[in-house]
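Peer 1: Protein chains in written order, with my numbering: chain A, 1 to 833; chain B, 1 to 833.
These are computed hints drawn from the structure, not numbers from a lab. Hints should not be assumed to be uniformly reliable.
Said to hold, decoys possible - Some, not all, of what chain A presents toward chain B, calculated at C-beta under 10 Å:
(1) Leu104
(2) Glu107
(3) His112
(4) Phe376
(5) Val573
(6) Phe609
(7) Pro740
(8) Val745
(9) Leu825
(10) Ser829
What the hints assert, rightly or not - Heads up, simulated DSS-like pairs for lysine-lysine below, C-alpha to C-alpha not over 27 Å straight-line:
(11) Lys121/A with Lys822/B
(12) Lys270/B with Lys151/B
(13) Lys704/A with Lys756/B
(14) Lys270/B with Lys221/B
(15) Lys213/A with Lys121/B
(16) Lys121/B with Lys756/A
(17) Lys822/B with Lys756/A
(18) Lys756/A with Lys704/B
(19) Lys756/B with Lys281/A
Quick reminder that beta carbons are idealized off the backbone N, C-alpha and C, glycines included.
There are 2 protein chains.
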Amino acid sequence: MANVAKKVSWSGRDRDDDEDGRAGETTPLLNGTGPGAAGSGRQLTPSPFLRIGQLSNVDLNEDIRELETEVPRQRPNEIPHNEKLLSLKYESLDYDNSENQLFLEEERRINHAAFRTVEIKRWVICAMIGILTGLVACFIDIVVENLAGLKYRVVKDNIDKFTAKGGLSFSLLLWATLNASVVMVGSLIVAFIEPVAAGSGIPQIKCYLNGVKIPHVVRLKTLVIKVCGVILSVVGGLAVGKEGPMIHSGSVIAAGISQGRSTSLKRDFKIFEYFRRDTEKRDFVSAGAAAGVSAAFGAPVGGVLFSLEEGASFWNQFLTWRIFFASMISTFTLNSVLSVYHGNAWDLSSPGLINFGRFDSEKMGYTIQEIPIFIFMGVVGGILGALFNALNYWLTMFRIRYIHRPCLQVVEAMLVAAVTATVGFVMIYCSRDCQPIQGSSVAYPLQLFCADGEYNSMATAFFNTPEKSVVNLFHDPPGSYNPMTLGMFTLMYFFLACWTYGLTVSAGVFIPSLLIGAAWGRLFGISLSYLTKGSIWADPGKYALMGAAAQLGGIVRMTLSLTVIMMEATGNVTYGFPIMLVLMTAKIVGDYFVEGLYDMHIQLQSVPFLHWEAPVTSHSLTAREVMSTPVTCLRRIERVGTVVDILSDTSSNHNGFPVVESNPDTTQVAGLRGLILRSQLIVLLKHKVFVERANLSLVQRRLKLKDFRDAYPRFPPIQSIHVSQDERECMIDLSEFMNPSPYTVPQEASLPRVFKLFRALGLRHLVVVDNRNEVSPCSLCPGARATLCPGSVCPHGLYPVPFLQVVGMVTRKDLARYRLGKEGLEELSLAQT
Amino acid sequence: MANVAKKVSWSGRDRDDDEDGRAGETTPLLNGTGPGAAGSGRQLTPSPFLRIGQLSNVDLNEDIRELETEVPRQRPNEIPHNEKLLSLKYESLDYDNSENQLFLEEERRINHAAFRTVEIKRWVICAMIGILTGLVACFIDIVVENLAGLKYRVVKDNIDKFTAKGGLSFSLLLWATLNASVVMVGSLIVAFIEPVAAGSGIPQIKCYLNGVKIPHVVRLKTLVIKVCGVILSVVGGLAVGKEGPMIHSGSVIAAGISQGRSTSLKRDFKIFEYFRRDTEKRDFVSAGAAAGVSAAFGAPVGGVLFSLEEGASFWNQFLTWRIFFASMISTFTLNSVLSVYHGNAWDLSSPGLINFGRFDSEKMGYTIQEIPIFIFMGVVGGILGALFNALNYWLTMFRIRYIHRPCLQVVEAMLVAAVTATVGFVMIYCSRDCQPIQGSSVAYPLQLFCADGEYNSMATAFFNTPEKSVVNLFHDPPGSYNPMTLGMFTLMYFFLACWTYGLTVSAGVFIPSLLIGAAWGRLFGISLSYLTKGSIWADPGKYALMGAAAQLGGIVRMTLSLTVIMMEATGNVTYGFPIMLVLMTAKIVGDYFVEGLYDMHIQLQSVPFLHWEAPVTSHSLTAREVMSTPVTCLRRIERVGTVVDILSDTSSNHNGFPVVESNPDTTQVAGLRGLILRSQLIVLLKHKVFVERANLSLVQRRLKLKDFRDAYPRFPPIQSIHVSQDERECMIDLSEFMNPSPYTVPQEASLPRVFKLFRALGLRHLVVVDNRNEVSPCSLCPGARATLCPGSVCPHGLYPVPFLQVVGMVTRKDLARYRLGKEGLEELSLAQT
């Protein structure tokens, strides 16, 4: 069953080479629940290791009751899925540098000039990110344009041929088969090679920027599959766009370049080694995402805002400016290359993959009276968007339950492709909306049953790449479309797009949303012009734009960044105010019903996503209630065997361990000395950094930061490290490697306070300490362990207890599990799925 | 001398009603240095209070040596000013809520629905901020337009009269007198009523958003003086703009509305009481600043980015969206009102106080070949900007030393006004550049010695409000200006603007910078067109725009926000890329020589401004070296007399006190229990919240959060609170009012780590604790104080020492004093000035 679960989740495949060297995540919990079963992640079983914290009976009982009720729910062919779950399988990124001695020594060695070099390198990387992202976008655009052109020409010729002599069903068959086979290839590579490349990638990148490590999301393989997949989906005629995936592509490019090596290709260029840690990598990924938005929509400022809205918890002027630089370079590269490709080398007229075309502000300004109308359109967009999301929600639940085998997923994708072609064909066939071909900008005018010199107007919408259809809806002169055509098109495309989103293909939802919105917006404009007997408001293109904004806002619920993206895509700031109004209304109305599409999918994957603030009503919770306890701690000088056992303990899989100075016989009190990560311990064990117990005075082997960087980010699993029985008895001194000043909170701190600290600093582990506990600070010092009792200044026979006592640990999942539901604060259950 | 110092600094006046109830800041330090003298702020004298921390001899010696060398430098008529000083007189804002019991009880009482009401109130406030800011901008614009129109008509009639019959010196006299008298009034009100209203207010708002409390900066009186002052400066013909001050005005409006009361007018509307704390107020001030930018330049997105760049350390999506809403409302209000005022009610054509006019992207696109030229212009802008700043730096130093009396300041302002008029007149008089009046857009064409039907081209630049001159330079057709005219104008205006910035008048530097840049940019464009023999690049308007961007960027060094402001002001995204390149180049080149104008002025005022990151090479410093020590601590149950004495202690003026549980006889160890602020103690004393020592079991009077809010932000000084001798012997229980979970750092944490925590969370006090100190945790428990020794579980006669030991305190000044200078890390001295 766990294997089945793999295929539907973003991170399902290849758990064995999980980036943090953690294996055995699928191993059953010691308390007997199988993998994939829901249950509390708190550790319940007694263990031989130093575990610190309260273990109240109440907790135990509750947890056990919970487990008992969860287990019987499982049925063989259905994956138990509950939206009130939080998955334990996602790791967190660490935005907090581990300031251990090695790190500080390096930083202190670096002088001012060297820091300037580092800064210059950052700029160079950003420029490279921009250039490469732009080039990838160009590649996608050019290939799609040629392949789609080829396909439409073939089908058009066929239709033209069969229109004359009858037998259009052959044309339908040809069209459907072409689409289905292209989509099949696109779906196959995604389903079998890299499932994380499915969809637009925006939810995944949102998670990454939020600090959740989605396995494989920034790998080279993912990029290749994504690019091929998106080309095939668009060429396959699905109701999808190629814009969303650019964000993902940009991020992968950024992650790759900034590390100066490719783990997949096993090439290390030995450059940019300084940037091999989560902090730096995440900054570059932000830049990559921004460059992607910028290339997709020609919206560099929008790209920066997207990255900031989604990611950077800590706004930093330099970082922002670098991100903006990458964005600008990206759109500029795309613009230059496409201009050359289109033969007008110097005019720079294609800033993005989609351009909304030039809205002439003089002809198409708006007046104050129109503002209520725009707000009304926002309401409509919000409702339609919520409907879209609700439908997609049910569909996704269905898919999670029943369509989890890759082959089924491929079949579904082919089905959708064939149905899309069929619907398009039938609509075109049934449409009697003919328009004069003269002066129109249609790329592949289908004459069908129209008179000579005319073309079928429905075909401009269906028989075209969606980007072109959007631009046509914005700019075709009034009268180009008949209201009936637009109405039918909206209806059909709405359901098609809804069905398509979530298929196992690489594709985005931006363009279909814009297209739906533009269609009903234009329809709305035409009706309005009809109602007001053709007053000055009549330009339907303007209403198409507002409808597109409303629909997109109603579906994705982005705010400032989307406003700016729309503004930049129109190339005109005049519409800023109405677009903002429309988006704001759509968001408010939509949020009333159901959340945004991306957030919905993130939640369906049970990702521990941290929102901006703790739930407003959570002041009643304190760190004590939120934290995980007991905590597995390590002593400052620890036995190697203990370390190995703790790391191999599949029941816990903790990634950070407080280092304490404690009386080994009194596990209830321990003074915090630092924090060490699983990955650091792995590297220490791998390099055999330890000394024999008898020779504690010997200096243990020194490591360099480079050793840690070389292992980043795919640290080997503990199982791959052989430790002999003799070595197990050695001692390892962690002082030099642990972070001696981890952030801490007292256990009385409220949840919002803990949340704020955690979120603002991008932490992964937050140690909860007790500074109020009145237990005895003097305990018996056993003579045998005298070496571990430094400076006994207590009365004879007593051992001084350190001052900061570890009582628990807060990690991402402990904070993400509290959510504001309809009935107030609700707590998600933790599950291994 | 201290009185003299008052006048030149932003916060100089009315120290007696400083917002935090702190008096006696001008009282001499106990160690004998006079006020105004530089010296270390660390407390050196022994004191009767509970002071905790190390006091090393090394520190003492160093500090004393420093003091000895500083003292003799003072001379009677010169204010000793050293740019390597950090003033101790600025308070910090507190972005961290004091989560005491009262606060938590209130938050827990508020349910979900009530939180929604709070959220709606926030939106209403933002809308009001936008509307009022827009209206104030309209008011300024309309009044300036009418008064300036009147002035120019009078002068023009006079010139026209005297051109015919000779005696133009009378016209010059009239012009100069008119200007000087108008400026005199503007300068008088600023110098004598509210000096903080001087200048653009941008540095002050930057400081406020950064977390520094500049006294009076967000008061109603300041707003009134600012608005009147800026009108008078612009009408007085100074080389200033009215845009910068809008940012300050918007901030004051926001601060006023969000508090639901005016302390100056003594009116409390009893609304928005929830928002009466620094955290909320600062968010609204961000919105106000953004609304100001938006109204000034018609740049709502630019406004949001400005606020974010300068202020919000923690990016929050909801906050950003609200700020954007306020910005949009602001530009929309301005647009509507001005459209109605100009008679074309519905066309919404004036989004900002300055609009760069419509750049037609078709006619004025750019090609790739032009990009190196733009970069070159950026270099020129950077150099000219650095020159401007360097000149202004010397001028400001001169002003701080010699022109510190208000009357001298008024005289200087009048002098500048008269000189500006004279220079303008002489330039116009000497110019022989005549242009045909037909088809030009000049508002007040001066014929002077030109032929009939022609006008003096120099007069369009000088005989006009600067906003109009800028737009003329952008859009006048090629050939409207003769290169000689532009060159002379640039030269003269450069020095005039440089002299003007820093005068005691309300005025901004944006427009003069743009004007200088537009002039040399246009000159550059003309030369280029001449050199290339009139190729397609010839449009000088485009080069004027780039020159304007380069010059402004070279002076103020803003990054993303300025790019977006320029983009929005041109109403066109086409120029985004070149503008970014130009601004980036200008910033890099400028930063090489000298820092930005605003930062320079902030530094000249010795404000403890926190930059984005700690200096890169500061990893060698730890919290131990950075912190202030010893710390004055309070016991959880403290004698009232001690509290009063500590608050009245003019040698320390601390604002936050760690609350400890300690053995009163052993001041070297104390366990942290919480943190309490001076303002909270003041309110407690005012409401007599204490019980007699004999009746410690009695419940002391309960306070509500409202009592604290009513006193916010102008807490009374301790001197105004009478505490009788009997009351001094009472005890005060702080448990309920202190923040029980203040943020702490261990003393080994590196400076960058401390900085990051402090900056990201917007803290005011950060307690440094020792979790490694190996002193004895068991000390003698004196029988007399048995009540203060709870749960003695130590061996008989010993008292358990608490676990978290306070060793120091880090506040803003401790972090701001480390700076990256030319020769590496440098440390600023602290001074009372």
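Peer 1: Hint validation: His112/A versus chain B, beta carbon distance must be below 10 Å. Holds or violated?
Peer 2: 6 Å, holds
Peer 1: Under 10 Å is the threshold here; is the Cβ of Pro740/A close enough to any Cβ of chain B for the hint to stand?
Peer 2: 5 Å, holds
Peer 1: Lys121/A and Lys822/B: Cα distance at most 27 Å?
Peer 2: 21 Å, holds
Peer 1: Does Lys756/B sit within 27 Å of Lys704/A, going by the straight-line distance between their CA atoms?
Peer 2: 25 Å, holds
Peer 1: Tell me if Leu104/A is really an interface residue toward chain B, meaning its C-beta lies closer than 10 Å to one of theirs.
Peer 2: The hint holds - Leu104/A has a Cβ within 10 Å of chain B, the shortest such distance being about 6 Å.
Peer 1: Is Lys121/B within 27 Å of Lys756/A, Cα to Cα?
Peer 2: The given pair, whose Cα atoms are some 23 Å apart, holds under the 27 Å limit.
Peer 1: Is the interface hint for Val745/A satisfied, with its Cβ closer than 10 Å to some Cβ of chain B?
Peer 2: 6 Å, holds
Peer 1: Does Glu107/A hold up as a contact with chain B if the rule is Cβ-Cβ below 10 Å?
Peer 2: 4 Å, holds
Peer 1: Need the status of pair Lys756/A, Lys704/B: alpha-carbon distance at most 27 Å?
Peer 2: The hint holds at about 25 Å.
Peer 1: Taking the least C-beta to C-beta distance, is Val573/A closer than 10 Å to chain B?
Peer 2: Holds. Min distance 5 Å.
Peer 1: Let's test the interface hint: is any C-beta of chain B closer than 10 Å to that of Leu825/A?
Peer 2: 8 Å, holds
Peer 1: Should the hint that Phe376/A touches chain B count as held when the rule is a Cβ pair under 10 Å?
Peer 2: 18 Å, violated
Comparing the model with each earlier hint shows violations of hints 4, 6, 10, 12, 15, 17; every other hint is respected.
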